[in-house]
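Q: Listed below are the residues making up each chain.
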Amino acid sequence: MSRSFDLLLVGVMLLNFLVLGTSRIRVCIQAAALQGVLLGLLPLLVHRSFDWRTGLVAAGTLAVKGLVIPSLLLKAMRDVQIRREVEPHLGFVASLFLGGIGTGLALLFAGGLPLAPEHDGSLVVPASLATLLAGFLVLTTRRKAITQVVGYLLLENGVFVFGLLLLEAMPFLVEVGVLLDLFVAVFIMGIVLDHIRAEFSSLDTERLAELKE
Amino acid sequence: MPALVLVALPFAAAVVAALLRSDRARAALLPATATLHLALTAVALLHRVELKPGVWLQLDALGAVVLGVLSGLFFLAALYAPGYLALRSDRPNRVFCVGLLGFLGGATLLVLAQHLGLMWVALEATTLSTGPLIYFNKNPRSIEATWKYLMIGSVGVALALLGSLFVGYAAYLGGHDVSLVFRSLLDEAPRLSRPWLRAGFVFLLVGYGTKIGVAPLHSWKPDAYGEAPGLVGMLLAGGMTSAAFLALMRVYRIVAAAGEGAFARELLLALGVLSLATAAVFMVRQRDLKRLLAYSSVEHMGLLLIGVGIGGAGVFGALFHLVNNAFTKGVLFLALGNIHRAYGGKTLDEVTGALRRLPLSAGLFLAGFFAVTGSPPFGPFMSELTILTAAFSAGRLLLAAAILALLAAVFLGMGGTVLAALQGEPPPEPVREAFRDTPSRTIPIVLALGVVLLLGLTIPAPLRSLLTTAATDLGGKGLP
Amino acid sequence: MLDTLVQTLLHALVLALVPPLLPGIVNKTKAVFAGRTGPPVLQLYYDLAKLAEKGIVLSRTTTWVFWAGPLAGVVTALLAGLLVPLGTHRAPISFPGDFVLFAYLLALGRFFTAAAALDTGSAFEGMGAAREVSFSPLAEPALFFGFLAAARVSGSLSLSGLLTGAWTSGWFASGGALLLVLAAWFVVLLAETCRIPFDDPNTHLELTMIHEVMVLDHGGPLLGLVLYGSSVKLFVLGALVVRLALPVPSGGPLPAWLLFGAGMAALAIGIGVVESVMARLRLVRVPQLLVTACLLSALGTVLVMR
Amino acid sequence: MSAGLAAPALSLPLLLALVSAALWSVAGLLGGGLEPRRSGPRLFAALAVGAGTVGLVGAGAAFVAGGRAVPSGAGLVGLDALSALFLVPISLTGGAVALFGLGSWHDGERTGPGRRLRLALGLTVAALVLVVLARHALVFLVAWEVMALGAFFLVGTEEDRPGTRRAAWIYLASAHLAFLALAGLFALLRATAGSFRLEPLAAGIAATPAGTLLFWLALVGFGLKAGLFPLHVWLPPAHAAAPSHVSALLSGVVIKIGIYGLVRVLSLVPDPPAWWGGTVLAVGAVSALTGVLSALGQHDLKRLLAYHSVENVGIIALGVGLGTLGRTRGETAWVLLGLSGGLLHVVNHGLFKPLLFLSAGNVVHATGTREIDRLGGLARRMPGTALAFSAGAVAICGLPPLNGFVSEWLVYLGLVSTVLGRRVPDAALAALAAAALALVGGLAVACFVKAFGAVFLGEARTDDGREARDGGALLLAPMAILGAACLLVGLGPALLAGPLGRAVSVAAGPSAAALGPLAAVAPLRTLGAVAWAIAGSLALAAFLGLRARSGFLRDLRRPAGDGDAAASTPAVTWDCGYAAPTPRMQYTSSSFAATLVRTFRGVLFPRHHRPDLTGGAVPEPGRLFPAPATFSSHVPDAVLDVVLEPAFAGVARVAARLRAIQSGRAQTYLLYVFVTLVVLLLTL
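Chains as they are written, first to last, in our numbering: chain A, 1 to 213; chain B, 1001 to 1480; chain C, 2001 to 2306; chain D, 3001 to 3684.
For reference, chain A alone in the conformation it holds in the complex (with noise of 0.2 angstroms):
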């Protein structure tokens, strides 16, 4: 695997602690936004020969990651006029010590784990788990539906960049299967934040606690 491969994972990581740190919805969004963009481009640098298959993935996933998901985000924070996730049910300070040791535990796991030569000493896998992590600690500390969203792509993120190591084992359909669900599901949950907005006038998942037991 090429330098420039795990230097974008890399950013990728970084891109997590981001949006861990910021309590600007905004911010989360484009962050997330970004980290599709490289999501994007990590397919080309996996494969020394590039073939039709993986520029459509690439293309695909900088369209629906980089592109269309994060603008239909944004508009729904438009339409609600939220700027910030307010009193999260975990501080932003806690939340970045934790993506941290989210990192490191991803980077010890993986340490346990055997790879194939040829990815051999690459962050894969770290990355990928640790990608996940930080979308599960979004899903679970953040109140505002989109934040959840958002950590809803962190996660998907975080499971494609494991998916670079069976570029090839992943045949074509399952591929764009994947981009497509992941396309549908974010789409639905916009139309649904779009009813709880119209049900509620507030993103905020509180009043999204009246089913209990």
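Source of the hints: derived by calculation from the structure; they are not laboratory data. Heads up, a few of these hints could be off.
A few chain D residues facing chain A, derived, Cβ under 7 angstroms [said to hold, decoys possible]:
hint, residue
1, R3659
2, L3671
3, F3674
None of the values given here were measured: they were computed from a predicted structure. A virtual CB, placed ideally from N, CA and C, is assigned to each residue, including glycine.
For this one, chain A is given, so just place chains B, C and D on it according to the hints.
A: Okay, now just chains B, C and D, sitting in the frame of chain A:
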């Protein structure tokens, strides 16, 4: 190539439904599609062939069992749907019908998929298509339920994807050309990389376990089942869970073939027992009937995992229980749907004396209650007895005793609520036109109960052989 | 054969005629202790004869049960008497487990006597009935533990066998145990026949009585039957105690009968003495005394088993 | 059952039994289900009586045939002496109950419940027959559950009355717990013996852990149904709430099925450990004692009778336990006496308890109350019922010359022969049991003197019974039948020696061959003769009493008031010359039992509701008299009210607290998913 048609049919119908103008036509489209699907299923079941490597869509024994359940259940739901939608004619049903058909298509694809990735795609599709169904009632409670369902479901499915990738990488390290087709994975199983396989199984267990709804991953269930219309609840509790269970079983089969079966079974047992306990805790004095059924679903999914975890004849019992549970849930959810309509509520605050106000539906609900709590001569009893016997045969006396104790607790919890709702004096008639039992709204329930009763009295030979094959595929054995 | 027949007839005659004598002896003893002349020993016979002449006053409340009480009392007591060996021979009726019949016959009598008392609908007689049926159950275990001990000692299952056998083998082997049983049975006797310290047969304070208060409304022949019945009961239970306590001398029936008669007389005098020297217990104390009796004979059984 | 009918080799008795079962279900379906307008009840009664007769004939035929029939009917069903023995009370009581139902339960305003009642009744009895015929675990379980659920609907017949629903629920809960235990039991049998057939197990299983679990499952499952202490909790409420003839069926037959199952399963085990028999024996003794004690404290006539069922089942279990112990020790006498005593008591209790419940039902029907302290003096208004009840009372107290005495005597005899035995522990246990049994007998007498006296004797305490009448022949005939049967068994126990012996030899399982004839250890002929003597002398006494004062018979039928001066002078109760006594001054049942209840307060936990003397009870300055105050007392159920209710409340509280984990926040739920993932990953 019936497989492809089977998958294509519902999606095509969904498109048609989306295009159709009139709500009544759309409502009518459902039974038509369901009947056709059932017929095709029958054909597919009759002409099953041995698994060929490299084929992506094919019906093996396990798939056949679940496909039969799925198609039959959807048929009943579709029979029930027109009457129900006529009752709710105040709201458009386009999204609803499309969602239903999409669910059928996704689930069928899931059952037929012989490829790890494709199977995942199908499951995600089913998840997404059912979201709108839960939101049918369009009130704050239902939107909350939908939100949780989507969030938790999607996260679970994402974890499952990572798990699938792990398995794929395990194969990659196995050093042969990576194809995620089950057949080849099974053939190569011994050479898969154990650490990745185990990790992959854990992720898949958590991911698909979320869809199956075993504790502690069940948290979306009561909300979703509680707020969705009766027939959706039925499809979720009987169809979605069964399909997700099938997905898990396919993975389990690979893990077992790779020689990690013991490890996997321990995890299954742990989650299973935990589910039973959780269900018991939440059923005690549960005032909401639909949530009660949701926890009952948690309980029975737990039983499925336990059956597989025990191994031997327990696997047969688990698969048989999957069939029984699906149709029993059909009885319960549809009957409860009627009661819900009649009282305009589903908690003990509104519902009392249902046996007087709605004799037929309430009677069927009572029968379903006895069936689901494992009373003979209904099917669930037979399958639970099989699982229990397997536990004893495996020498797990404590486990068996624990199962018995938890089942008792579940009965105590469930019975109190159910009887309180069915017996006693009904409240004065509501002002709006009184709901009555009509054939269209009761015949599907009677059919479902008939199936449950039949399965309790005897296992038809074809089904028996099918279950036996499926059980042996999963490393268990059939009834001695 | 003939001998058996004669003995049986004798048994029946003694059982039928002698009982009213016992209360006479008891009262005479008490009179002596009190320094009075007291009624003649045969007083009860005179009373019975007189009562037989009288008419009956029936409460409008009563039914056939009111009659059944006295009759059943007499019949069951007599039948029970046929189970207890008196002379040298086995009792007229004797079979394995007949001691169960013995106890349950008395219970049958108790059932109807108490029911008859309730039949009058009087608060006092209800109270008496309640006490009668409340105290005697506590006496039953004492009785049965005794039977069991004697049975294990003698290895026999019938009253005749275990009462006789108890002496021949038992007293030397395990005398202590049988002594305990004897004590317990004496207490049971006092309780069952409503004697001091359980009940005072000739008090007239209804609130403190048990047996007497049950029969307040029985008059004339019915009262006669009641008195006769209770005397028979006294005789039968007494015979039980005496047969356990005394041996059967060899050398023909005559000495045996004489010894038995002497024993019964001694028992009656003993009761008289107890009644003269003791005071009635408070009713709440009665159960405790009975439980003590049970413990005594239970201890006896344990000793026998050792 | 269908398989049973289809099977080629069906012995005649078995066929008859199956026909009877079929008739019962038909009766239920026609008489209850699809009712031809008004004739439903009559049709039901007719079919039911027919079914009962067929069942009796079948049982008789089975005894004649020798009663060791191998399971026929494809091995699904079979009829041996043990099954036949239980078939007798089922058929007899079933028929009697159906007749009584026709008398009391076909009045117009109760048609709806009436139909459901008949349907459930027919199916329940059919299932009962099938349970005793079953030779295959699945047949057994299915029939068992049909019976259990049928009984649930029977108990809930009058669900509109207060307390009925709770009673039905308590019953259903215990029934299902029992069923689960049995499912576990048969699953275990299947796993160990390798077959669902009810066939003798291999030796040595009893000693394994599986064997221990097997015993406990059987004891709990069947004990719950039989109502052994402390599993009896459902009995009192259910018997009180159910229609009286249903109560008769419940206590006469349904709870006996628990005993049947226990005996049947024990008979499958070739070598029961000593502690099995000992445990059953001890449990039996405890149930007998607690049952009769709790009965003493009741004011509700039917609850009182229900507690006596606990007592009698205890006596039965005592016999069964003794028999099992005898099998372990190889003492044939214990086996013969214990088992025959227990089984005979099953039949006897199946006769006199329905008799009591039917007469109690007649009282409730005529007065509309079950409160003993509201009744009184009914003997003059309902002489027939009074006679029936007194007969039942004498029988259930085990008093000669009626049937109760025979079975209790057999048990006593077995216990005493154990006392004479060599092993001191056995002897001590038996001695304790015998003494306990004696105490129980005495207390039972006390209790039934109270019940009989308070309900039928003295003066009516309230107006409830003013218009009470005996009711028609349909109500009296069943009682007459049952009473006659009681007397018959009492007078001719020797007649039963044969069938009883056969049943015992089946119940004794593999070791049965060694058993001698029952008559060898139990002189039943002598006992019969003595019974005749007792009955004769009582009759003679009655006759003499009649002659001496020819007022006797007239007193039987005499309405209050007019007497016969020549025979006897009518007057008011003298009562020590107490002036103007009123009926309310009579000793009530509560005060009657007060002494004993106080003596045994340690186990009865009597509750007193005293007036608050500091408050309104003392007069305020202005007023002369204190405000009216009330005092009441009741004896709660020592297990249900004292232990279980609080325990369940506690559990429910804990569960409620645990439910906080379902907080409603998606974030929390996702956290659970995450935690699960991490925990499972740690197991790698």
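Q: For each hint, tell me whether it holds in the structure or not.
A: Evaluated hints:
no., hint, result
1, R3659, "holds (4 angstroms)"
2, L3671, "holds (5 angstroms)"
3, F3674, "holds (5 angstroms)"
The structure agrees with every numbered hint stated previously.
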